[in-house]
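Based on the hints, put chain G in the right spot on chain A.
Residue numbers (the numbering used here), protein chains in the order written: chain A, 1 to 652; chain G, 1 to 152.
By construction, these hints were calculated from the structure, which means they are not laboratory data. Please read these numbers as outputs of a predicted model, since none were measured by experiment. There's no promise every hint is true.
Calculated cross-link-like contacts (lysine-lysine; reagent style DSSO-like; alpha-carbon spacing at most 30 Å) [stated by the list, open to error]:
1) A:Lys414 to A:Lys267
2) A:Lys382 to G:Lys38
3) A:Lys392 to A:Lys382
4) G:Lys38 to A:Lys267
5) A:Lys414 to A:Lys339
6) A:Lys339 to A:Lys267
Not everything, but these chain A residues come out facing chain G in the computed CB check (under 10 Å) [unchecked claim]:
7) Ala34
8) Glu232
9) Ser346
10) Ala359
11) Phe379
12) Arg381
13) Gln599
Even for Gly, the Cβ is constructed at its ideal location relative to N, Cα and C.
Residue-level listing of the chains:
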Amino acid sequence: MIAELGHFALILAFAVSLFQCSIPLYGAHRGWPAWMEAARPAAVAQFGLVGIAFAALTVAFVTSDFSVVLVYENSHSAKPMLYKFSGVWGNHEGSMLLWVLILSLFGAAAATFGADLPPSLRARVLAVQAAIGAAFYAFIIFTSNPFMRFDVAPFDGRDLNPLLQDPGLAFHPPFLYLGYVGLSMAFSFAVAALLEGRVDAAWARWVRPWTLAAWVFLTIGIALGSWWAYYELGWGGFWFWDPVENASFMPWLLAAALLHSAIVVEKREVLKSWTILLAIMAFGFSLIGTFIVRSGVLTSVHSFASDPSRGVFILGILAVFVGGALTLFAGRAGSMQAKGVFSPISREGALVVNNILLAVAAFVVFIGTVWPLVAEMAFGRKLSVGAPFFEKAFTPFMLALALILPIGAIIPWKRGQIARALRPLRGAVVLSIAVMLLVFAVSTGRSALAVIGAGLGSWLIFGAIAELWFRTGSAGLSRLSRLPRADWGKAFAHAGMGVTFIGISLLMAWQVEDIRTARIGEPFEVGGYQITLDAVDEVPGPNYVSTTATMTVARDGRVVALLHPEKRVYPVQAMPTTEAAIDNGFFRDIYLVIGDPQQDGGWAVRSYIKPFANWIWVGCMLMALGGFISLSDRRYRVAAGARRRSVGVPAE
Amino acid sequence: MKRLLLILMLLATPSLAVQPDEMLPDPALETRAREISKLLRCPVCQGETIDESNAPISRDLRLYVRERLVAGDSDDQVLDAVTDRFGEFVLFEPRATGGNLILYLAGPLMALLAAFLGWRFLLSRRPAGPQADPPAPLTPEEQSRLDEIMRR
Numbered sequence: 001m002i003a004e005l006g007h008f009a010l011i012l013a014f015a016v017s018l019f020q021c022s023i024p025l026y027g028a029h030r031g032w033p034a035w036m037e038a039a040r041p042a043a044v045a046q047f048g049l050v051g052i053a054f055a056a057l058t059v060a061f062v063t064s065d066f067s068v069v070l071v072y073e074n075s076h077s078a079k080p081m082l083y084k085f086s087g088v089w090g091n092h093e094g095s096m097l098l099w100v101l102i103l104s105l106f107g108a109a110a111a112t113f114g115a116d117l118p119p120s121l122r123a124r125v126l127a128v129q130a131a132i133g134a135a136f137y138a139f140i141i142f143t144s145n146p147f148m149r150f151d152v153a154p155f156d157g158r159d160l161n162p163l164l165q166d167p168g169l170a171f172h173p174p175f176l177y178l179g180y181v182g183l184s185m186a187f188s189f190a191v192a193a194l195l196e197g198r199v200d201a202a203w204a205r206w207v208r209p210w211t212l213a214a215w216v217f218l219t220i221g222i223a224l225g226s227w228w229a230y231y232e233l234g235w236g237g238f239w240f241w242d243p244v245e246n247a248s249f250m251p252w253l254l255a256a257a258l259l260h261s262a263i264v265v266e267k268r269e270v271l272k273s274w275t276i277l278l279a280i281m282a283f284g285f286s287l288i289g290t291f292i293v294r295s296g297v298l299t300s301v302h303s304f305a306s307d308p309s310r311g312v313f314i315l316g317i318l319a320v321f322v323g324g325a326l327t328l329f330a331g332r333a334g335s336m337q338a339k340g341v342f343s344p345i346s347r348e349g350a351l352v353v354n355n356i357l358l359a360v361a362a363f364v365v366f367i368g369t370v371w372p373l374v375a376e377m378a379f380g381r382k383l384s385v386g387a388p389f390f391e392k393a394f395t396p397f398m399l400a401l402a403l404i405l406p407i408g409a410i411i412p413w414k415r416g417q418i419a420r421a422l423r424p425l426r427g428a429v430v431l432s433i434a435v436m437l438l439v440f441a442v443s444t445g446r447s448a449l450a451v452i453g454a455g456l457g458s459w460l461i462f463g464a465i466a467e468l469w470f471r472t473g474s475a476g477l478s479r480l481s482r483l484p485r486a487d488w489g490k491a492f493a494h495a496g497m498g499v500t501f502i503g504i505s506l507l508m509a510w511q512v513e514d515i516r517t518a519r520i521g522e523p524f525e526v527g528g529y530q531i532t533l534d535a536v537d538e539v540p541g542p543n544y545v546s547t548t549a550t551m552t553v554a555r556d557g558r559v560v561a562l563l564h565p566e567k568r569v570y571p572v573q574a575m576p577t578t579e580a581a582i583d584n585g586f587f588r589d590i591y592l593v594i595g596d597p598q599q600d601g602g603w604a605v606r607s608y609i610k611p612f613a614n615w616i617w618v619g620c621m622l623m624a625l626g627g628f629i630s631l632s633d634r635r636y637r638v639a640a641g642a643r644r645r646s647v648g649v650p651a652e
Numbered sequence: 001m002k003r004l005l006l007i008l009m010l011l012a013t014p015s016l017a018v019q020p021d022e023m024l025p026d027p028a029l030e031t032r033a034r035e036i037s038k039l040l041r042c043p044v045c046q047g048e049t050i051d052e053s054n055a056p057i058s059r060d061l062r063l064y065v066r067e068r069l070v071a072g073d074s075d076d077q078v079l080d081a082v083t084d085r086f087g088e089f090v091l092f093e094p095r096a097t098g099g100n101l102i103l104y105l106a107g108p109l110m111a112l113l114a115a116f117l118g119w120r121f122l123l124s125r126r127p128a129g130p131q132a133d134p135p136a137p138l139t140p141e142e143q144s145r146l147d148e149i150m151r152r
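Chain A on its own, in the form it takes in the complex:
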């Protein structure tokens, strides 16, 4: 019964979205306030209905209702409760339901908090948002219905893929989707502005918080996914340039570009058409990402939940929305006149360079990701494009970005001089060079990567600090607390990127790896640590059997950590997983993996010393934190308040 209720609520949500994408749009066209206003209750109702559908599916999973096909295929009665819950979106149908839940959440949020938007703009934004929703409701209802029943319910389920039975699944997809789908707001605002024929500073100010929020969530989602891969997959890789990872990385790069170009629109009323184009492309890449993940068109380690026939439907949605928006853009772009003038050496100029670097980097990722498909269709060559290509083709853009970032962040609007902008950064330059020398001295030869990466990372961090210092002027520390939150957010985000830079480059350059047969009780040495395999035990888990090792890590005779790497077998899926044991530290992680018993009585053991590993994700969290601080800036609220009085006349 509950599943049917969810099914029904989903169909109702589809109907509401059809209403919401037509009536308010026509109302806005004709200037009828009542028709425009209809979008707001509709958006809230839509969210409520999808919420009911999602809750119904959750109940089915939590109560292990195996008469629902989806629950049977992806759950098991012995599975721990957390994974019954997160298993709701650990499959194709459920994850699409989460997708539309978040889409309608953003629509409802825009309806609720958008009281200050001009009525026609608000109606159009909500209508476009509902149109996206309608397309995805149709997709779910017609191709991927999560509420299908069996005639006769099976006794127990087939369990969830063991790799997904991890707390990571509870957080990684929701955040990623909040980011992906959050970009739909930027898209809706862009299309609405094209329909209105008006893009100005106020528009940029409205669209920026939504984009910023989406970017923050995407940052968190990607970082969580990377961290999850790091500890779960058993060799401590953090980024694989896998098609699905790239699918989330492209919208992130474009959203980062969009954030910066919206600043230029807001402050200087230039780059308008480019910003609109970026907003369309950022969400377009989110859809491409959904297409890649959901169609399995590019084989990848993530394609546990894919089906090619559904890909065609999403490709259709992609073509209609991005194609339609670009057509509209082509028709209206000419009407967007730039206003401000500035010299090439200026903040505007620096932000243009930022946009070029980020957009071209996204393009490089895109072409590398789709190239296997293109090469097979165009040249009949079956080939692969992987990490070695991306590392070479992508990295230069990031290095260039890091090099100019602190200067661009400090240079004045309209007209500046590089030499003068560098003056407050002198300390940062000196300190970064000092870090480079230190890293060079510490590394045992070879690694240019460590020196350059750590140097640029320090340059970003010290540059951000120097900028804060510069902004306080002569007033000193007392002014530091009174700086606008946006300045703090910017400093945190830029410094966070520096921290991530340092983490990635030092981890890749300095990692120590050791593979050996370890005998119980015989210590061995890895990177200055003495590691001993003390014992190996068979331990039963709730829905798996574990081979758990006990290992002691010591340094100079002092015990540093007692670790328990595991090897698990999940009998229902007959699938093994490795659970690495990690001792996290500020300067290094010790990462241990237990393998198979060897013929001579020992165990295969992999040990890694991973320097600065945590810096990668700490940096990402700093970037996200910077975004949140910036979101709380008073200026957004002031801008929001500025139009309160001018809201349209109520319906007669």
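Using the frame of chain A, we list chain G on its own:
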């Protein structure tokens, strides 16, 4: 049940990627083997290198790479030998030949194009001179809104 679990565990033991018994005694050769392994894609897995993969064929490939290295092949010769058997698909860094040149040139060309367009745009926004056009005066509507904002 217990016996069933035991059987399952034996059937599906998670073999780690590189096994201790595969490794070469010569550390220099072993390092080269690892570097080469990271460039080769496991033919049956989903986007994993043979260095990371648990599949039996990856183990065979890892052993083959080491065999070739011991026999004195250069890194490129080893890559060629594996590619001859399994096709281009196993190379994670595709060869820059024929149509693949597009892949390698697309990024740099796009960067040049973007730099050119960006530069033209920046020049077009340059102030006309010391006395640039004054900005258009506010419309009465905008003026009243400005007054309203300023009063807050």
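Hints, verified against the model:
no.	hint	verdict
1	A:Lys414 to A:Lys267	holds (11 Å)
2	A:Lys382 to G:Lys38	holds (19 Å)
3	A:Lys392 to A:Lys382	holds (21 Å)
4	G:Lys38 to A:Lys267	violated (47 Å)
5	A:Lys414 to A:Lys339	holds (12 Å)
6	A:Lys339 to A:Lys267	holds (11 Å)
7	Ala34	violated (24 Å)
8	Glu232	violated (13 Å)
9	Ser346	holds (9 Å)
10	Ala359	holds (7 Å)
11	Phe379	holds (4 Å)
12	Arg381	holds (6 Å)
13	Gln599	holds (8 Å)
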